[in-house]
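A.B. asks: Listed here are the chains, written in short residue letters.
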Amino acid sequence: MEFKLRTHNCGELRESNIGEKVVLNGWTAVRRDLGGVIFIDLRDRFGITQVVFEHTFNADSHEQAKELRSEFVISIEGTVRKRPEGTENDALPTGKVDIMVDKLSILNRAKTPPFPIEDEIDVHEELRLKYRYLDLRRPSMQKNMLLRHRMYQVVRSFFDTNNFVEIETPILMKSTPEGARDFLVPSRMHKGKFYALPQSPQQYKQILMVAGYDRYFQIVKCFRDEDLRADRQLEFTQIDVEMSFINQDFVFSTFEKLMKVLYKEIWGKELETPIPRLTFEEAMTWYGSDKPDLRFDLKMSTLNGVFANTEFRVFKDTIETKGIITGLVAPGCGDYTRNQLDVLTDFIKKQGAGGLIWIRVKEDGLESPTMKFFTDEEKVAMVEELGAKPGDLILILSGKKYKTLGLMGNIRLEMSRRLNLVTEETEPKLLWVKDFPLFEWDEETNRYYAMHHPFTSPNMEDLALMDTNPAEVRAQAYDLVLNGNEIAGGSIRIHDS
Amino acid sequence: MFKTLGFTEEDAKEKFGFLMGAFQYGAPPHGGIAFGFDRLCMIFCGEKSIREVIAFPKTANAISLMDDNPSLVSDEQLKELHLRIR
Chain E
1 MEFKLRTHNC GELRESNIGE KVVLNGWTAV RRDLGGVIFI DLRDRFGITQ
51 VVFEHTFNAD SHEQAKELRS EFVISIEGTV RKRPEGTEND ALPTGKVDIM
101 VDKLSILNRA KTPPFPIEDE IDVHEELRLK YRYLDLRRPS MQKNMLLRHR
151 MYQVVRSFFD TNNFVEIETP ILMKSTPEGA RDFLVPSRMH KGKFYALPQS
201 PQQYKQILMV AGYDRYFQIV KCFRDEDLRA DRQLEFTQID VEMSFINQDF
251 VFSTFEKLMK VLYKEIWGKE LETPIPRLTF EEAMTWYGSD KPDLRFDLKM
301 STLNGVFANT EFRVFKDTIE TKGIITGLVA PGCGDYTRNQ LDVLTDFIKK
351 QGAGGLIWIR VKEDGLESPT MKFFTDEEKV AMVEELGAKP GDLILILSGK
401 KYKTLGLMGN IRLEMSRRLN LVTEETEPKL LWVKDFPLFE WDEETNRYYA
451 MHHPFTSPNM EDLALMDTNP AEVRAQAYDL VLNGNEIAGG SIRIHDS
Chain D
1 MFKTLGFTEE DAKEKFGFLM GAFQYGAPPH GGIAFGFDRL CMIFCGEKSI
51 REVIAFPKTA NAISLMDDNP SLVSDEQLKE LHLRIR
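Residue numbers (the working numbering), protein chains in the order written: chain E, 1 to 497; chain D, 1 to 86.
Each statement offered as a hint is correct.
Covered by chain D, per the in silico footprint, the following chain E stretches (three or more residues, Cβ under 8 angstroms):
(1) 186-199
(2) 240-250
(3) 254-266
No wet-lab data here; the hints were simulated from the structure. Where a beta carbon is used, it is the ideal one built from N, C-alpha and C, also for glycine.
Start from the sequences and build out the full structure, keeping to the hints where you can.
C.D. replies: As structure tokens, then:
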């Protein structure tokens with residue numbers, strides 16, 4: 001099919017173009033047939049321009065335009081005109097003008113799409129994925145893809161400016177069964193042998209440091225053959241980085257700079273640096289998570305001190321077994337009904353909590369079935385430690401330290417949802433979490449696992465504990481956390497044997 | 001380190017031998033980081049799922065619905081690769 005190359009894209013024309021002869025190519029988005037005149041919204045990835053087929057202006061093309069349906073691919077030639085008074089569309093950058101069509105070429109017809117090509121659609125995701133080419137044609141998806149493209153460019157330019165070298169590492173690599181399950185690729189030429197797809201280019205990037213490249217980065221696909229719970233993909237993209245002759249603080253300041261650029265270029269926001277740095281221990285104790293969402297406060301408090309001499313058996317056992325008693329104040333939730341509290345209790349019991357202690361803070365005291373176990377001093381000390389006020393609800397969990405903190409962290413998130421603490425307008429919150437434990441004890445296999453990977457360096461002041469108390473050894477490992485999501489993780493490596 | 005992880009020296013050599021070998025030829029102190037780019041894009045786009053910022057994602061069942069992937073392969077392909085499906 002013959003057609004003319006476009007003179008402009010569909011998002012380009014303005015009042016300054018009025019009177020020009022133009023050629024536009026694109027998809028038929030919306031068609032309105034008013035009898036003597038047919039309006040088409042012509043769409044490409046740059047925008048939408050209204051084109052007009054008027055019987056009195058050009059009878060042939062008007063006749064032809066009657067055939068047009070959703071998603072037909074067309075090419076038009078015509079003249080840009082100022083839209084008649086009162087018909088401008090301020091929602092479109094091109095909304096002050098439209099095009100009077102002289103000539104229409106239908107380049108391709110289209111079947112009726114299974115869902116409309118527009119932003120707000122109410123269809124099952126599976127249908128969108130089956131017709132992904134149509135889904136990706138929707139402006140909102142095009143916006144996402146373009147923003148992702150923008151981010152590649154910002155990231156590459158940042159690394160280039162800062163003396164990093166982009167080096168590709170192999171996709172067919174050696175299987176190293178530490179970590180998640182490898183994707184294996186059978187070798188045709190070496191019977192019985194296999195390549196593996198990288199879970200990360202970890203070893204190659206360390207080799208590149210030995211080779212003297214000093215600063216390496218790569219935007220790279222990685223693969224993990226795991227069950228896809230919690231919004232993961234078998235293949236995913238990593239910005240992979242390794243640097244020589246640096247320390248942890250240098251890593252922090254470097255990537256705060258990268259995030260500053262991304263904030264500015266993508267969001268138009270100013271990121272204040274340095275950003276907060278919490279230790280793993282602080283993050284767990286205060287927020288019950290190693291990737292805390294700091295967009296809202298809801299800080300947890302440890303109550304072991306308050307109940308040091310308690311006669312309440314549950315707390316007494318916890319303290320004796322070196323567990324933790326942790327409390328959280330849900331502000332203004334003191335009017336929660338018994339039913340609401342049961343729902344909350346069920347929510348956390350399903351995740352493995354023994355039970356949830358709740359206390360309504362009233363003007364004239366505390367209201368809870370558990371109150372009979374607490375002394376007056378304990379009540380006063382507890383309220384003070386938690387900073388609870390009348391009208392608030394106190395929630396308490398006790399048990400094994402990290403498990404219990406994690407459970408309270410989940411209650412914290414649940415309460416933030418119930419209290420609607422995060423809205424579209426809430427400012428994003430970025431922080432480092434550092435000093436992770438070097439080892440993680442696995443109850444099932446009765447052995448330690450490297451929490452990051454086996455080349456992570458311990459904190460130098462903890463070296464003496466390596467043989468005596470490995471669980472207490474902290475690593476020079478760190479995560480970057482944005483709005484409660486772990487967006488990056490890394491470590492200083494062991495470089496001597 | 002490997003001792004605490006319960007690796008024998010042989011284990012460690014088998015898995016990380018080439019890296020440990022390389023380290024004997026002048027390894028500088030180094031460290032690094034890796035960003036989950038999909039999740040980063042998701043947050044910057046204000047989306048709730050990484051599938052919204054990946055052009056051709058797989059479902060939670062690890063299937064690509066558009067091209068019906070994964071798929072069966074021919075017996076010839078399997079034979080060349082010295083594989084038999086049990």
